[in-house]
Amino acid sequence: MSVLVWVEHDGKAVKDATLAAVTAAARLGEVEALVAGQGVDGVAQEAAKIAGVTKVLVADDASLGHALAENVAPLVVELMGSRDAFVAPATTTGKNIAPRVAALLDVMQISEVLSVESADTFTRPIYAGNAIATVQSKDGKKVLTIRGTAFEKAAAEGGSAAIEQVSAKGDQGLSSFEGSEIAQNARPELTSAKIIVSGGRALGSEEQFHQLIDPLADALGAGVGASRAAVDAGYAPNDYQVGQTGKIVAPEVYVAVGISGAIQHLAGMKDSKTIIAINKDEDAPIFQVADLGLVGDLFKVVPELTEKLAV
Amino acid sequence: MKVLVPVKRVLDYNVKPRVKADGTGVDLANVKMSMNPFDEIAVEEAIRLKDKGVTEIVVVSIGELKAQETLRTALAMGADRAILITSEEKVEPLGVAKLLKAVVDEEKPDLVILGKQAIDDDNNQTGQMLAGLLGVGQATFASKVELTADSVTVTREVDGGLETEKLKLPAVVTTDLRLNEPRYASLPNIMKAKSKPLATKTAAEYGVDVSPRLTTLKVTEPGKRQAGVKVADVDELVMKLKAMGVAK
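If you're matching them up, the sequences are chains E and X in order. Under my numbering, think of the first position of the first sequence as 1, with each following residue one higher. Under my numbering, think of the first position of the second sequence as 1001, with each following residue one higher.
By construction, these hints were calculated from the structure, which means they are not laboratory data. Keep in mind the model is a prediction, meaning the values are calculated, not measured. Each hint should be verified, as a subset may be incorrect.
Each computed DMTMM-like pair below joins lysine to aspartate or glutamate, with the alpha-carbon atoms no more than 25 Å apart [to be verified]:
hint	chain 1	residue 1	chain 2	residue 2
1	X	Lys1240	E	Asp291
2	E	Lys270	X	Asp1233
3	X	Lys1230	E	Glu304
4	E	Lys153	X	Asp1122
5	X	Lys1144	E	Glu206
6	X	Lys1240	E	Asp283
Some residues of chain X that are not near chain E, with every Cβ distance over 10 Å (derived) [as the list claims (entries may be wrong)]:
hint	residue
7	Met1001
8	Asn1030
9	Glu1064
10	Arg1072
11	Ala1102
12	Asp1105
13	Glu1107
14	Pro1182
15	Arg1183
16	Ala1185
17	Pro1188
18	Lys1192
19	Lys1201
20	Tyr1206
All residues carry an ideal CB built from backbone N, CA and C; glycine is no exception.
Make the full structure from the sequences, and use the hints.
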């Protein structure tokens, strides 16, 4: 089976999510990687080094600069004429493009794949991760999005794939990119961080969120996350949100501070290796999944913890 | 200007899903069902666009007859009329997108607003598939929608921040949580909604093949986490963190 993998990148470097998608794709067959964008030579060079990638297809065109689904999908559909599966990481870009490709190929997509059981059988979470479905596809071609935290990352070095240029299909004239606001964050990226410190509504305000959560995260070299309640209350930006509707993370250590543990939040972090909960309510549902729990007032406990870790 | 809003009847988001013992699915007998939360946001957005040139809001649902209740809820919120497409079998996103395309071909809306995903199947596909089948622009994960006579400008929630796209109409938009706060239907509006038009059709009437492409072999409970321990104080937590190698 020949598999085309969508390379997630920011125009400069390959994003980690791609590496997990390559691992999943390699379970299906021979992996080719598609780098689409504008001025993406560097990204293509990097993609060619990923272990397991046999060929890198590069589509470099102004119309692909911001990965608009309307312009990317026709390109992927054409490339899929001679390939059997399209695999994208379940990032916002992957989720935006893959279903459009699937519809144009007249196949059902399988979203957020957790495991590849065979060439046509996969597992995926449903109901906010409260159930795992094993599904078999009858479609001739497969379109999958991969949950990054469910697969090991392929080695970023060691491969030596050939690079081949392919031509873009041009601007379809349906949509245009107007601008972006990317949050400045010097800390590790949430979806790839080894440790995450996450704050909830109990933090009380944006100031207290930063005063308490940020130093603790820095003491641990951790990324910073938030519950939906904290984001909705304006304590943290949208892209900090961990949960069913935010990011799905599975770090080595997840520290939940002042988070009660609603099922929608647990859906985003319950595959973390170790969960640590700090909450003053000893009956909070978060303690049912936490490996280590500390019942206490976070306004006392967190500064003390930060101080003792910094020593 | 006409807006079409597809809505789905799903297990209420507050209910903890139970996997059936025989592994065939999630038990939906005698549990509270509601409108998918993202679809409520879609209905709300359509209503808010009413003072910006939108003259008619048509809501559509696909599924069993009981989905009528979901449509009535949308009508009570402020939608003008409803279409129910009944199907004995569960229809997958691809089938739903094909049926919606048939509805769009008939109704010719300027804008289709869907939820970004349904909280039962968690697929996040239907809007994108519909846009692809229609050959129109798509803006997924919308947190802000600005409508003009011939275009829609949408701020999208993407990994790392926000992104703004402009689409030529007709177009498809899918809603994210922060787009708006859906209104509650008032009692008078619930009563009024009972007399608003609701057309019932079948998938076969649209001549669309909705036979499933995926077979669910089994549904299981996710792995349970081991019960943890509670530490007495910060010192003990620090000690454990050090033992794990997380802290120096």
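* So which of those numbered hints doesn't the model satisfy? -> none
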